[in-house]
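J.: Now for the letters of each chain:
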Amino acid sequence: MELALAPETLARWQFGITTVYHFLFVPLTISLAALVAGLETAWVRTGKERYLKATKFWGKLFLINIAMGVVTGIVQEFQFGMNWSDYSRFVGDVFGAPLAFEALIAFFFESTFIGLWIFGWDKLPKKIHCFCLWMVSIGTILSAYFILAANSWMQHPTGYKLNKATGRAELTDFWKVLTQDTTLVVVFHTLTAAFLAGGAFMVGIAAYHLLRKKHVKVMRTSLRLGLVTLVVAGLMTAVSGDLLGKVMFKQQPMKMASAEALWDGQAPAPFSVFAYGDVSKGHNTVEVEIPGLLSFLSHDDFSSYVPGINDVNKAEQQKFGPGDYRPNIPVAYWGFRWMIGFGMASFALGVAGLWLTRKKFWLSQRLRTGDDEIPHLALTKDKALGDGLSKWAWRLAVITLGFPLIASSWGWIFTEMGRQPWVVYGVLRTSDAVSPGVSQGEVITSMAVFTALYAILAVVEVKLLVKYVKAGPQELSESDLNPPTRIGGDDNDADRPMAFSY
Amino acid sequence: MHLHDVWFVLIAFLWVGYFFLEGFDFGIGVLTKLLARDRSERRVLINTIGPVWDGNEVWLISAAGATFAAFPEWYATLFSGFYLPMLLILLCLIVRGVAFEYRHKRDEERWQQNWENAIFWTSLLPPVLWGVVFGNIVGGVKIDADKNYAGSLLDLLNPYAILGGLAMLALFTFHGAVFASLKTVGSIRERARVTASFLGMITMGLGLVFMVWTQIDNGDGKSLVALVVAAVALLAALVANMFGREGWSFAFSGVAIAALVAMLFLTLFPNVMPSSLNESWNLTVSNSSSTPYTLKIMTWCAAIAAPLVMLYQGWTYWVFRKRIGTQHIADAH
Chain X
3 MELALAPETL
13 ARWQFGITTV
23 YHFLFVPLTI
33 SLAALVAGLE
43 TAWVRTGKER
53 YLKATKFWGK
63 LFLINIAMGV
73 VTGIVQEFQF
83 GMNWSDYSRF
93 VGDVFGAPLA
103 FEALIAFFFE
113 STFIGLWIFG
123 WDKLPKKIHC
133 FCLWMVSIGT
143 ILSAYFILAA
153 NSWMQHPTGY
163 KLNKATGRAE
173 LTDFWKVLTQ
183 DTTLVVVFHT
193 LTAAFLAGGA
203 FMVGIAAYHL
213 LRKKHVKVMR
223 TSLRLGLVTL
233 VVAGLMTAVS
243 GDLLGKVMFK
253 QQPMKMASAE
263 ALWDGQAPAP
273 FSVFAYGDVS
283 KGHNTVEVEI
293 PGLLSFLSHD
303 DFSSYVPGIN
313 DVNKAEQQKF
323 GPGDYRPNIP
333 VAYWGFRWMI
343 GFGMASFALG
353 VAGLWLTRKK
363 FWLSQRLRTG
373 DDEIPHLALT
383 KDKALGDGLS
393 KWAWRLAVIT
403 LGFPLIASSW
413 GWIFTEMGRQ
423 PWVVYGVLRT
433 SDAVSPGVSQ
443 GEVITSMAVF
453 TALYAILAVV
463 EVKLLVKYVK
473 AGPQELSESD
483 LNPPTRIGGD
493 DNDADRPMAF
503 SY
Chain W
25 MHLHDVWFVL
35 IAFLWVGYFF
45 LEGFDFGIGV
55 LTKLLARDRS
65 ERRVLINTIG
75 PVWDGNEVWL
85 ISAAGATFAA
95 FPEWYATLFS
105 GFYLPMLLIL
115 LCLIVRGVAF
125 EYRHKRDEER
135 WQQNWENAIF
145 WTSLLPPVLW
155 GVVFGNIVGG
165 VKIDADKNYA
175 GSLLDLLNPY
185 AILGGLAMLA
195 LFTFHGAVFA
205 SLKTVGSIRE
215 RARVTASFLG
225 MITMGLGLVF
235 MVWTQIDNGD
245 GKSLVALVVA
255 AVALLAALVA
265 NMFGREGWSF
275 AFSGVAIAAL
285 VAMLFLTLFP
295 NVMPSSLNES
305 WNLTVSNSSS
315 TPYTLKIMTW
325 CAAIAAPLVM
335 LYQGWTYWVF
345 RKRIGTQHIA
355 DAH
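Quick note, the sequences are listed as chains X and W, same order. In terms of my numbering, the first sequence opens at residue 3 and continues consecutively. In terms of my numbering, the second sequence opens at residue 25 and continues consecutively.
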C-alpha cells in the first residue's frame, strides 16, 4: 500500500488538523474566561463603568471564541472511537476515565454556567452573575486538567498493567495518572501558555484602539491587564517549559534529542540555534550552537551527557525489537524552535510594553498620563519614543496577538509528533491504533468535510471577531447599570425586552 | 448487581437525560419552520432554549465519555462501525451550536436567513440519525469475531432503523412543541398547542409501530412494561395538551421519552451491541466493560457529580422560568 494513503496517515492528518484547530480556541477560552471574570469582579467591587464596559466588550469576543471551542471539542471525543477504535479498545480502561470525568465535572460546569452568564444580565444580581463566570473559568481549568492527565498518560504511561489475556491496558492506580510529574508539569505549562495567549489577545486589540485614539479609558485598562498577564504568564511559561523539558529528557529522550537534532550523544551537549540536517545520513550539515546549554536544560548541569537520536534509537531497538523509533526530525526540531521563539517573543514584547507604558515608576511628570489619555511610550525617565516609532510599537503590539497561538500550535505538533512512532509511548504503536473496519474512503470523506467546514467557519469567525473588535466597547444602557436585585429578575415590568437575546 | 450492570443503567440514564433535554431543543429547532410565522417568532422559539441548550448537549458528551470509560469495546465498535452517521451527527452539532451563537451577530438578511436554515436542518437530522443508530444497536448489526462492524452503510439504512429515526423525530418535535407552549406567551403559545396535538398523533402512530416491532423482534416482559408506560405517557401528554395543561403535558412527553429509552435498553440487556452474524460475537455488558477498579472510580464520580449537575441545571431552569413572547425580543443585539 502506498504509504501516503495508509489509514494511519490519513487518520493522523485528520487528528492533527482537527486538534490544532480546536486548540486555537482553547487557550483563549481558558484565559479570557478568567480575565473577563476578573474585570467583572472589578466592576462589582468598584462600580466603575469602564470595568463593566470592558467586561461586556471582552465578554462578547470571548463568546464568539468559546462557541467554536465547544463545537470543535465534540469532534475530539467522537474521533477516538471513529478513527482510532483499536486505540480505544486498548486504552479505554485507563484513558476513558479522565475523559468521563472531564464531561461529568468540567463540561457541565462550563456549559451550564455560560448559559446563565450570557442570558443572566437581567435575571441575576450582579454578584451571582459574576460568580457564574468564575464557575465557567473553573470548568475550563478542570477540563484542561483532565484531558491533559489523559494525554500525559499517552506520553508517559503509569498506574496501569498490561493484561496478557485480553491484550489491554488496565488501570491500577488512578491517583497516579492524575498526579504523575508529567501531568502536573504539562497542566502548569499549558495553563500558563493559555494566559500568554489571552494576555497577547488583549494587548493586541487594546493597542489597535489606542493607536487610533479610540475608547481610551476602557482600552487603557485592558492594555494594562493584558500586559501584566502577558509578562507574568510568559515568565511562568518559561519556568514550566523548563520543568517539562527536564521531565521529557528523562521520560522520552528521543523526543528531546529530536528537538535538538542531536544525532549522537555528547557531554557536554550544546543547544542548537540553527541546524540543517540530512535525516537519512543521521547528521547535520550546518549548525550553530551554544555550548553546554542543552546539558543544562536537561539536567541543570552544564557538562552532563545527553544521549543522541542514534543512541536512543539503538536502545529502543534492543528493548522493543527491530524498527525505526525516530520521529520526524525536522518537524520536531523546528516545531520546538517555533514554539519557544513565538512564545518568548510575545513575552519579550510584553516586558517592553509594560516598561514603555508604565504609569509612574522612573517617569518625569511631563510624561505621566491620566486614565483617559493615551500613554506616552517612555523609554527613559525623560525620553519617549517619537511619533513614528510609537506608531510602529503599537502596530507591533497588534500583531503580537497571534504569536502565542502559533507557539501553542507548534508546541502540540512537537510533543505529539515527537512521540511517534508511538501513540502510547513504549506500549502501543500508532500503526496498531487505527480502526481496522473503517475504509480509506470514509476517512478521506470525513477529513475533507471537516477541513472544508473548519475553513469556512474560520472565515466566519474571524470576520465576526474583526467586526466586534472594530465596533469597540458599547455605551452602557439603563438596564446594564441597574442589574436586578432578585434571582429571576425584578418584577417591575413584565414586558421589558430581555437584556440579551439570541 | 455487578458494577457493569450498574454502568449499563447509568449510561441508559445519561441517554434519557440527553433525549429528554436536547429532545426539546431539537424539536424547537424544527419548529422554527413549522410553527414560527416570522423572524421575531423564530427568535422567541430559539430564546426559549437559549440559556440551556449547551448544557443539555453535555449529556451526550457524558454519555459518550462514560461509554468510553465503562465499556471501551462498545464505544470502539459503535463509533467506528457507524462512522458516517456519527460524522453527520457531528457536522450537525457543530453547525447548530455556531448557528445559535452567531445568527444574531450580524444584521444582514442573508446572514440571518442562512443560520436559520442551518438551525432547522441541523435540528431535524440528528433525531433521525440517533433513531437510526439506536434502531441498529437494538436490532443487531454485522459484528465480526474481532468485535468490528463488518457491514456497510446501506446495511444501517434498513426499514426498522429508519422507522426508529422517524419515530424519534416525531417524538422530539412533539416534545419541543409542548415545551414551546409551556415557555411562550401570546399567539405562538396557542398555536404551539395545536401543532403539538397534530404532532402527538403522528408520534403515537410511528412510535407505537416502532415499539411493537421492537417488542416482537427482541422484547421480553420488562420491555413490554416500558412499552406500555411509553404509550400511556404519550396518550396522557396528548390529552393534557388538549386540555391546556402544559406542565403536565411536558412531564408526560418526558416520561414517554424516558420509557422509550428504557425499553430500548431493556431489550438490549445483557447485550450492548448484538451481532447479527453470530450470537457468540455479541458485545455484552461483561465482555466489553472496563475492569472493576475503573468502574468503581467512575461510580464514585457519577454518584457525586450527577446529582450536583441536576441540581445546578435545575436551578438554571428556575432562573429562566418566565415565559417569553415577541415583546421580550429586543431589536438591537
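Hints are supplied without guarantee of correctness; some may be wrong.
In silico DSS-like pairs for lysine-lysine, Cα to Cα no more than 27 Å straight-line [unchecked claim]:
hint, chain 1, residue 1, chain 2, residue 2
1, X, LYS129, W, LYS346
2, W, LYS129, X, LYS472
3, X, LYS393, X, LYS383
4, W, LYS129, X, LYS163
5, X, LYS58, X, LYS383
FYI, nobody ran anything at the bench for these hints, they're computed from the structure.
J.: Determine for every hint whether it applies to the structure shown.
T.: A quick look at each hint next to the structure:
Straight-line distance between C-alpha atoms of LYS129 (chain X) and LYS346 (chain W) comes to about 21 Å, which keeps the hinted pair within the 27 Å bound. Using a Cα cut-off of 27 Å, the hinted pair LYS129 (chain W) and LYS472 (chain X) holds, with the two alpha carbons roughly 14 Å apart. Restraint check for LYS393 (chain X) and LYS383 (chain X): the C-alpha separation of about 20 Å stays at or below 27 Å, so the hint holds. This hinted pair does not check out: LYS129 (chain W) and LYS163 (chain X) have alpha carbons roughly 52 Å apart, beyond 27 Å.
Taking the CA atoms of LYS58 (chain X) and LYS383 (chain X), the gap is about 36 Å. The hint is violated against a cut of 27 Å.
Of the numbered hints stated above, those contradicted by the structure are hints 4 and 5, listed in ascending order.
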